[in-house]
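Enquirer: Chain by chain, the residues:
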Amino acid sequence: MKMSKSILAAILGLSMASLCNAGTVYMSGSTAMRGTVYSALINPGTVFTAAPAITLYQGGGSSANYMAFQGTLVGGSGTTTIKCHWSGSEGGILDVASNTVVTETFIADSLLDGTDHGTNVPSSTESANVNLAMADNAQQFSRTKNPTLSKKAKVGVITFKWVRNPGKWTGTNVTDSQIRQALYGYCPRAVFSGNSTDTSDFVYVSGRDNQSGTRVNALGISGYGIFTLPTQIEMNSSGVMQDLTGGGVYAGDYGFSSGGTLAGTLGADTTSATDPVNGGTGYSVIAYLGVGDATTAIGKGAVELAYDGVTFSPAAVIEGSYNFWDNEYIFEANNVASGSEADKAYGRLSLTTGINAFCDGTKAIKLTDMHCTRTGPTSDPSHN
Amino acid sequence: MIMKKLYRTALLAALGLASMVTAQAATYNGDLIVGFTTQSGSDVIYDLGAESSLTSGETWNLSSLLSGFSSLSGVNWGVIGAQNNSGTRNLWSTTSGFTPDPVAGIAAWNKDNTAIASIYSNFGIAGAGQSLSITSTDDNSWNMQTINGSLGAQFINAYGNNPNVQGLTSDSLYGIVAGGSDPTLLGSFALDNTGTLTFTAVPEPITFGAFAGAGLLLVSLRNQLRRKQA
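Residue numbers (the working numbering), protein chains in the order written: chain V, -11 to 372; chain R, 2 to 231.
Chain V with its partners taken away, still in its complex shape:
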């Protein structure tokens, strides 16, 4: 009798536990869009019925690279956890397209304490298949074109900026041709300054790795080619170029995995720094960033650049005169079951009252506010 009571209690307990814990949704993708997704997820009634408990690591606030939100989904029951690791748009598309093969790391359950841990990295992570991803470009412009993701939605427009560090070049505008020449890896400052004597120091691009949608757009929109290998450098926040291979190679297909980390290096003054790539003293760096990360870089001493003579403004994006932007997408993995927690979250986030409603008009722009459209980074905007 006692035994059957124990078994009954155990079954009841397990049932209660499953009722309380509705499941976990795993999300990855665009670092440039993470702030906007954060705003959508914390707003009561958008995805969760009430303000969720939020645990954040590596960045702090809406800039964190690791996020976890716990609450009851609209239309759901029990507690659902949405874990996010912002791995870059290309990483996100790969994660969901190949989620039977590829995993991403997320904050471990044991660390979910509803606290913002600032710049600390999570001391414990779990690997999981990804259900949802954000991307700054359509799948047709991605490295991962197959398998085609059948469930996707356009949820806004993501904006980008070019910035420069306080280096030898002191200009305020950059053109497509200058960007392309810098991406080849041997670009004397004269190409940027127009001054015939500026031939002893060089302008480099510091950018993102090939998991980044910001990179897809920077290379695609400039006409360099999305899949053309860039020659990029990485410097630290003191302006020292990094030898990432350990073999004395300071430039190559390098790039930061996070826009926030890249932004943190761009305040470095390199007017007197050693140039280990082409020799000499002093060099200059230009970089491409999401608008939020560009603000961080500018706060550290970087300078915003106009693009092809047009200074960034929301109006310039909306009317199609400023060209460095693309559509933002949310993707659902093909194996997510209809009506599951992940599918419910996708449904809420993809509504016009979802992520789109939280586009702040600068870092991201609502689709309904746009007066022009584009298919992707290899096409020009078309005014409505």
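Because the hints were derived from the structure by calculation, they are not lab data. Note that the Cβ used here is the ideal one computed from N, Cα and C, for glycine as well. Any given hint could turn out to be false.
[As the list claims (entries may be wrong)] Chain V residues, not near chain R, derived (Cβ > 10 Å throughout):
| hint | residue |
| --- | --- |
| 1 | G49 |
| 2 | G63 |
| 3 | K142 |
| 4 | N183 |
| 5 | P302 |
[As the list claims (entries may be wrong)] Coverage of chain R stretches by chain V, computed from C-beta distances (three or more under 8 Å per stretch; other residues unrestricted):
| hint | stretch |
| --- | --- |
| 6 | 106 to 114 |
| 7 | 145 to 156 |
[Stated by the list, open to error] Taking CB as the label site, the calculated pair distances span:
| hint | chain 1 | residue 1 | chain 2 | residue 2 | range |
| --- | --- | --- | --- | --- | --- |
| 8 | R | A108 | V | T233 | 16 to 26 Å |
| 9 | R | G130 | V | S260 | 41 to 51 Å |
| 10 | R | S65 | V | S138 | 34 to 44 Å |
| 11 | V | D348 | R | A108 | 33 to 43 Å |
| 12 | R | Q40 | V | S112 | 45 to 55 Å |
| 13 | V | T340 | R | G130 | 48 to 58 Å |
| 14 | R | N149 | V | A39 | 52 to 62 Å |
| 15 | R | G128 | V | A39 | 50 to 60 Å |
| 16 | V | T136 | R | Q40 | 19 to 29 Å |
| 17 | V | S260 | R | N85 | 25 to 35 Å |
| 18 | R | S182 | V | G267 | 17 to 27 Å |
| 19 | R | T28 | V | T136 | 28 to 38 Å |
| 20 | V | S226 | R | S57 | 50 to 60 Å |
For chain V, the structure is supplied; the task is to place chain R on it using the hints.
Expert: Just chain R now, kept in the frame of chain V:
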């Protein structure tokens, strides 16, 4: 991040799904690569090895790689390569017979090298004997890089010369050193109907001299023999 990439690569390799998802890009090693395209379907690209290791009469049996082409007579093919050898920046390119353009300087060579490195990024592993198949509409296919591409970063636009010939014929290989010097004819590649590629080096001047000397010696010996017989 590196660990994550390694993990992904290992996992993909283990499951044999690397072609389905993002493959690990090989770093270009400066080898000569030969590409084949009919400008539709899939292109084939093969690593021939370093230019410095070429020997006259060397052959490559590519019959199985080229079996996807219905006829080799309609296939466009050519050989290109680039290498920075301790500051001497070399470009190699075949042509249908014309002398290709010089490479003005480091900036120009960097463009050519970028184009070839971008083609090479689709190899799973770097090294002589490696090959790949890629859709001919991909920006880094042989077709788009050397014939039809519109990007400034693609080989046909960066260098300006088409390295291809069509069908069962030979292709002249030139070496070009960045800095404006004249291209040097190094030899030729020939493709036969079995899918075998053969390299024949241009004899060096000393070789010409040796042949000429041997010829004169033979004539002299023959004359002496005739005089004795008379």
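Enquirer: Now tell me, hint by hint, if it's right for this structure.
Expert: Right, here's what the structure says about each hint:
1. G49: Nearest chain R Cβ is 22 Å from V:G49, so the label holds.
2. G63: 32 Å, holds
3. K142: At about 23 Å from chain R, V:K142 clears the 10 Å cut-off, so the statement holds.
4. N183: Nearest chain R Cβ is 17 Å from V:N183, so the label holds.
5. P302: Since the minimum Cβ distance to chain R is about 30 Å, V:P302 lies beyond 10 Å and the statement holds.
6. 106 to 114: holds (count 4)
7. 145 to 156: Holds, because 4 residues of the stretch 145 to 156 of chain R bring their Cβ atoms closer than 8 Å to Cβ atoms of chain V.
8. R:A108 - V:T233: 16 to 26 Å: Holds: the Cβ-Cβ distance is about 23 Å, inside 16 to 26 Å.
9. R:G130 - V:S260: 41 to 51 Å: Cβ of R:G130 to Cβ of V:S260: about 47 Å, so the range 41 to 51 Å holds.
10. R:S65 - V:S138: 34 to 44 Å: Roughly 36 Å apart at Cβ, these two residues keep to the hinted range, so it holds.
11. V:D348 - R:A108: 33 to 43 Å: 40 Å, holds
12. R:Q40 - V:S112: 45 to 55 Å: 53 Å, holds
13. V:T340 - R:G130: 48 to 58 Å: The hint (48 to 58 Å, Cβ to Cβ) holds, given that V:T340 and R:G130 are roughly 55 Å apart.
14. R:N149 - V:A39: 52 to 62 Å: At roughly 55 Å between Cβ atoms, V:A39 and R:N149 fall inside 52 to 62 Å, so the hint holds.
15. R:G128 - V:A39: 50 to 60 Å: 56 Å, holds
16. V:T136 - R:Q40: 19 to 29 Å: Holds - the Cβ-Cβ distance for V:T136 and R:Q40, about 25 Å, lies within 19 to 29 Å.
17. V:S260 - R:N85: 25 to 35 Å: This hint holds: roughly 27 Å between Cβ atoms.
18. R:S182 - V:G267: 17 to 27 Å: Because 22 Å falls inside the window, the suggested range holds.
19. R:T28 - V:T136: 28 to 38 Å: 30 Å, holds
20. V:S226 - R:S57: 50 to 60 Å: With Cβ atoms ~54 Å apart, the hint holds.
Consistency with the previously given hints is maintained throughout, with no hint failing.
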